[in-house]
Amino acid sequence: MTDTTEHPFPDEQAAEYALGVQTAAERTEAERRMASDPAFADEVGAWNERLAPMIDEVAPVRPPRVVWLRIAAQLGLTKTPANDNAGFWGNIAVWRAGTAVFAVAAAAALTVMVLTPEPTTPVASPVEQPAPVLTAVGLLKPSEDGPTSFVVTFDKAAQRLIIAPVTGPSPKDRSYELWMLPDGTAPVSMGVLDGTNVVTIDARRLIGPNGETRSLAISLEPRGGSPTGAPTGPVIASGALKAI
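When the letters of the sequence shown are read in order and numbered with the working numbering, they come out as residues 28 to 271.
Keep in mind the hints are simulated off the structure, nothing from the lab.
Glycine residues also receive a C-beta, built at the ideal position from the N, C-alpha and C atoms.
Hints are supplied without guarantee of correctness; some may be wrong.
As the list claims (entries may be wrong) - Pairs of lysine to aspartate or glutamate, EDC-like flavour, derived with a Cα cap of 16 Å:
1) Lys269 - Glu39
2) Lys269 - Asp200
3) Lys168 - Glu39
4) Lys199 - Asp172
5) Lys183 - Asp221
To be verified - Ranges between beta-carbon positions, derived for each pair:
6) Ala257 - Arg231: 40 to 46 Å
7) Asp221 - Arg97: 25 to 31 Å
8) Ser63 - Pro261: 37 to 43 Å
9) Arg201 - Glu53: 34 to 40 Å
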């Protein structure tokens, strides 16, 4: 029997599945589709391969005990009696749920490169960063039904954008530049991208409380970025951050 169900653009559905931002119903539908559509399953696999190496760049974060308690409460689990050797912390359902929560955050909030100048003095020991809190995601494309060029997530805890390239490096002697598009005002540059590395950008003054409803665009500029402070080259991808 032919499957006549309409699906979102395959690249987008595969990316959302790999990022873990779908609802339970959407995830179930995607898993059904993977079972019957080898091409879609391959696309999901490709997205997982793109995201997997990024986890190596994330320092491990030990969650506070209250996180596990909240997970247990949401799952309807209760602490076992004191004479049970396994106890609450031995409950495999709790560990699986907790692992899933932090795996999604780690996969999408990893950083390989930060847009700051090269230090000229020795750098102090890194301070422990708060666990990422992802509240919005955007898939930037050349057109509404085109393939994804960049995946952007918003980490509310650090007030930063995390941009993962999909298309590959920028052409020779050119740079990609990310722009935020405020309503009724001129585009605001948020930094230059090389199209190869995952980049984080400080967005405290440019993004709303949860990162949603902000439109973004990427233009192709001279090497190093626009010489005028405004887009001068063609827009190669655009999209909006959506709350998750």
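How the hints compare with the structure:
no., hint, in the structure
1, Lys269 - Glu39, "13 Å, holds"
2, Lys269 - Asp200, "33 Å, violated"
3, Lys168 - Glu39, "10 Å, holds"
4, Lys199 - Asp172, "27 Å, violated"
5, Lys183 - Asp221, "24 Å, violated"
6, Ala257 - Arg231: 40 to 46 Å, "22 Å, violated"
7, Asp221 - Arg97: 25 to 31 Å, "39 Å, violated"
8, Ser63 - Pro261: 37 to 43 Å, "39 Å, holds"
9, Arg201 - Glu53: 34 to 40 Å, "36 Å, holds"
Of the hints listed earlier, those the structure fails to meet are numbers 2, 4, 5, 6 and 7, in rising order.
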